[in-house]
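S.K.: End of the sequence shown sits at 142 in UniProt numbering; the numbers just go up one at a time, nothing left out.
Where hints are given, some of them may not hold.
Said to hold, decoys possible - Just the calculated beta-carbon pair ranges, DEER-fashion:
#1 62 <-> 103: 23 to 29 Å
#2 106 <-> 49: 25 to 31 Å
#3 83 <-> 27: 21 to 27 Å
#4 68 <-> 2: 31 to 37 Å
#5 88 <-> 22: 39 to 45 Å
#6 20 <-> 88: 27 to 33 Å
#7 82 <-> 39: 39 to 45 Å
#8 3 <-> 104: 32 to 38 Å
Read the hints as simulated data drawn from the structure, not as lab findings.
Nothing here was measured: the structure is a model prediction, and the numbers come from that model.
Glycine residues also receive a C-beta, built at the ideal position from the N, C-alpha and C atoms.
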Amino acid sequence: GESGSGKTMACRALMQLMPSPDLHVRGGSVMLNDVDLLKLDAAGMRAMRGRRIGMIFQNPSSHLDPLMRIGEQIAEGFRLHQGSSKREARAQAIDLLRQVGVPDPASRVDNFPHEFSGGMRQRAMIAVALSCGPHVLIADEP
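Whole structure, please, built from the sequences with the hints as guidance.
M.R.: Structure (structure tokens):
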């Protein structure tokens, strides 16, 4: 879609991540394995995010924690959603950084987001989304 056509808002609506509580979906349905995502309450949607549905946000700078190392942000998905130990999650984070094209992932895993270029931050954002092992991945113009 063209710029300004509502792609980002549609993605956010699907994930129940609207920027204002005054904004809401007024009709329709979005089905995932016989579950209407638009009818889920907040707790139900939280259970879907990450493991069932992942999202790659358009602006990684506003979605990566500037005080947390890139590897920790990726490893968090492996620990919380896949039950990996801290050591396993770090190794998985390095492997995922390699898969998304980050050069020298073993040393870059300890960098903070500001130490990555814009393109590298986008790759890190993709790795964060993939670390949860989602069934569906929504990409908002990566």
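S.K.: Hint by hint, note whether the structure agrees.
M.R.: We went through each hint and held it up to the structure:
no. : hint                   : result
1   : 62 <-> 103: 23 to 29 Å : 24 Å, holds
2   : 106 <-> 49: 25 to 31 Å : 29 Å, holds
3   : 83 <-> 27: 21 to 27 Å  : 38 Å, violated
4   : 68 <-> 2: 31 to 37 Å   : 35 Å, holds
5   : 88 <-> 22: 39 to 45 Å  : 43 Å, holds
6   : 20 <-> 88: 27 to 33 Å  : 39 Å, violated
7   : 82 <-> 39: 39 to 45 Å  : 27 Å, violated
8   : 3 <-> 104: 32 to 38 Å  : 35 Å, holds
In summary, the numbered hints that this structure violates are 3, 6 and 7.
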